[in-house]
Each structure stands twice: as structure tokens, then as C-alpha cells.
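Participant: Each chain is listed here by its residues.
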Amino acid sequence: MNASNQNGPNGQGSGFGTAGDLFTKMWTDFASRMAASGTSGPTDSLGPQVARQMRDTFFANWSEACDRYMRSDEFRQVMRESMAAAVELRKQLNSQLGEFQHTMQGASRQDIDRLLTSVSHLEARVTDTFEQLLDRFEELTGRVESLETRLEDASRAAGKPRRTQPASSKAVKQTTKKPRKPSGKSEPKKSTKDTRKKRR
Amino acid sequence: MVQTAPGPDAWTQTAEAMIEEGFAQWRKLSRLPLLAQQAQSVRKGATPSEVVHYDGRVKLMHYLSDQPPRFKQPLVFVFALVNRPYILDLLPGKSVVEHFVKAGFDTYLIDWGRPTHADRRESLDTYVNGYMSRLLEHAAHRSGQDEVSVLGYCMGGGMSAMFSAIHPQRIRNLMLLAAGIDFSTREGLLNQWADADAFDVDAFVDAFGNCPAEFLQWSFLMLKPIGNLLQKPLGLLDRLDDDKFIHEFLTMETWLNDNIPVPGEVYREFVKFLYQQNQLVKGELTIGGHRVDLKQITCPVLNLMAANDDLVPCAQSEPFNDLVGSTDRKAIKLKAGHIGLAVGSRAQRELWPQAVDWLSARSDPA
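The listed protein sequences derive, respectively, from chains A and B.
Position one of the first sequence corresponds to residue 0 (numbering that gives the first Met the number 0), numbered consecutively onward.
Position one of the second sequence corresponds to residue 0 (numbering that gives the first Met the number 0), numbered consecutively onward.
Read the hints as simulated data drawn from the structure, not as lab findings.
Don't be surprised by glycine CBs; every beta carbon is placed ideally from N, CA and C.
The list that follows gives simulated cross-link-like pairs (lysine-lysine, DSS-like), each with its CA atoms no further than 27 angstroms apart: (1) 231(B) x 24(A); (2) 90(A) x 271(B); (3) 243(B) x 27(B).
Chain B regions said to be covered by chain A (calculated; three or more residues, Cβ under 8 angstroms): (4) 107 to 121; (5) 186 to 193; (6) 200 to 207.
With the rest of the complex left out, here is chain A (with noise of 0.2 angstroms):
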């Protein structure tokens, strides 16, 4: 029988009674049990050996019965109210703590989320500008090389052979040119002491 209707139209109530019950029925029938499951060892051995094979019948039989209670719907209604609690309890912490770092004049966890957002939004958006920019210049050399094609089937047609190098490979050499060697006006100036210590 399903305790939880005993409470209420609603099958909720306060869960507690129904709860309390079956807490109190997992240790009559744990009690049951280890009596009916031969705590009589062999009368000939009383020694250390059959107080571990009790001690081991005793939790074996606990186990089970309180496997039997957490599998039940009470168990799991006590379960929820407990986490509900918790939840709040968090919530409310979370809020004070904010509280009093505002009047402290310092950042609160909310800020600092509220900034890690913004900068995981600002993130995606790059990123996805970044790999849109991508497809359209892979789109736009595929373009540029039917062009090319085109342009060299017409010229072969024509009886003139092109001699210019494809713009598709122009544009690659051009990214992989050679970094320019840094000028003069960046490099450090000595400082006007160094300089005064060596006319010295």
C-alpha cells in the first residue's frame, strides 16, 4: 500500500507521519530478522569467530532493510524537502554574501558571473564572426579559381597562354610573407646615463 495517500488528497501532507512509520517498520522488521536469522552460533565455539559471523549476519540484515527504506517513495519525499531546504539555504546564502560585499565595496560572485558571461557571449560572437569571415573566403576562392578556369579555358581557346600565377595562390604568398624587420625607432635608446658613463 502506498503510504504517501494516507496523507492527504493530494498525496503530499507534511510526509513526515507516513515517513516516520516506514523509518520505524525498516527497524522492527530488521529486528525480526536478526532474530529469526540465527544468532545461535555452535555452542561448542563461543569464541571471537562467531561474534564476527553476528556481527557481519547483523549488518547484512541492516543493509538490506535499509536498502529496502531508500528505495521506498517516503524515503525519496523526505529527500526532496531535505534538498529543497538545501537549495534555499544556498540561495540565501548566496544572496548575503553578495549583500555584504556590496557594502564592502567589493565584487560579488553575481559580478564576477554577470563578467565571465559577458566575456563567454563576447567569446562566441568572435568565434563565430571569425569561422562566418572563413566561409566566405573559402567561398570566395572558390570563386576567384572558377574564374581562373574560366579565364584559362577562354585564353587557351584564344591561342594565348596565361603566364600570370593564380590569384588564389597570390593571396597565400602575400599571408606568408616575411615579417618585416623591426626599424631603428623601436628598438630601446640608451639612457643618457650609460651615455655620460662612457664619455667618462
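For this one, chain A is given, so just place chain B on it according to the hints.
Facilitator: This is chain B only, laid out in the frame that chain A set:
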């Protein structure tokens, strides 16, 4: 049943045995203070390794070997996000990594690192199509290959299956180790606790950001509260004078307590889309605009499961082989627990040699 009462001799023997036991226990207890000192010297990871690539906090570890690789395709271990990955390489003789390195596989492992509050928006897309994609590509390029073999453990197994379904051309062989795929089963306690009517994952993640490591730790402990909170400490007291046992116990406990938070968004997606809506099996899961269709997995598949797994019951892993498009698929079920599958003596003896043979037969010789 009528039992005869013990005679006076039996009582004397019992009293003597109890006194002896008392002294033995006292001797064991006197070693207790040394445990903390021993726990500090526990080594994390047995096989020598180097970090070959960083992707933010995520690392790609490469295991070193004296011998050149015997197979062309590298093997990459993908671990879960809830613990540190050194359980796969816990101790010499209790290491999954060791089996594959010794067999001549160029072996890598993805270490997800410890996410901070700033990482809480990382989603399954960030992991599967981002980190995993880049790191697997890096491992493949280092070996001069286009494909890699993957072994995913637990949550990492689920992610490996998702990756293989989205990018099938990049996976040579797929091995899953206690991986949750079909979440319709009510066998496991976690499946029941994660139900939508019992757990509001949105409210939880909105309030906490990341899923706290302590929360995960307690959830796992509560799967077997009597065993974990009472039987285990008593078992330790019983064997305090066994140095080998203590060393293994401390190493295991160090790992068990080395939980890490799970990025909030991944946790939300995992609970909501998999535990609550079972989208992976229904073919409704979409990651970064890609629909995850398990039928797209056509590579050889090896599905390893633990018969006594409390965390990922067999019923959760077993349907995988019927959902993929592969024709070469195999399942092995071992009588072990979730962690025993990686570190248990039976797994080292029976399971991993089989897995190594299976992978060797499906990889190109170097």
C-alpha cells in the same frame, strides 16, 4: 532446534579466546596513529607518465614505455568527471593502464583537472565536441594516425559513446567500462533518486553552480551506508596488522575521497537528458547541434560490465550493444563491483588480458 548448553571447558576456552582477542585488538589499535602518516605518502599513479598537451586545465597524459609501440593506433582512456583518473593506474599489479602499456599500446589518458566556479557553464558540448575532440586529435597526430581506440569508464564511457556516434570516422575501436547508456532501469538507487519528481536538478545547479564534490561523495556513500560507514572501518580495524592490506586500503581511500566538482551545466544535462529523459537511447540527444545517433557507431565495440555494480547496474550498460550499428561487438560481464572492475584481483586476472587480446586483434601492427 534443541541446543545443548556449553560445558565448563567451553566457557573457559571462550574466556581465554576473548582475552587473547582483546590483546590482539589492542596491538592492532596501537598502529592506528601511524595510518595518517602512511596516508600522506600514498602515490597517485603507478606507471610513469608525462603531460603531452594542455587544453586549459585539461591534460593529455602519455604513459611511458621502454619498448616502441607495437600497434599503430593509440589508445586513449576517457575517465569520468566525478573522480580523479588514477584509479585506472592505482598500484603496480592493479593497473588497467599497465596491461595495455605492457602489451605495446601507445597509451594516453585524459585528465579533466579540477573545475572551478568559472567552469560551471561547460556543457556536454564543451567536453565531447571540444576537449575530447581536440585531445583525441592530438593523440592521433602524435602517432601519425587519423583514428584512435578509446576506453571510456563510467561517465567517461557515456561521453565516449556520444563522441563515437558524432565522429565515427575518428574511432578505430570503442571499449566501454561500466558505462551508463540506458537509464530507463529502476534497479540502481541513483536512478531512483535522480527521478524528476524526487530531484529538481535545475534549482540545484542554479543555486550551487557546480555540483559540489561533497554532494557526490555522500551520494555514493549512501548507496551502501552500512557497508561504507560501518563495515569498512571495522574491516580496517580487523586487519590493521596486515601491511599489504593497509597500503592498498589507504591508496583506495585516497582515491575515493579525492572527488572533484562536476561543472554545473554538464551535471544538469547528464541528470536531465540521461537519467530523467533517457534521451541517448531514444535518439533524442543533441550535443552542440549534432544529434547523437548510436547507430552511427560502426567500429568494433567491447562492452565491459560489473555484475555487482551499485552505481551503474548492468541493465544500464547491457543494451548498448544492441543500439550500435557495429557488427563486431562483444560484451563481458565480470562478477565484481563498479571499482573492482578496474582494480579487483579477478579483473586483473580474467578481464584485462581478454580486453588486451580483443584490442590487439583489432589494431594495425606498427
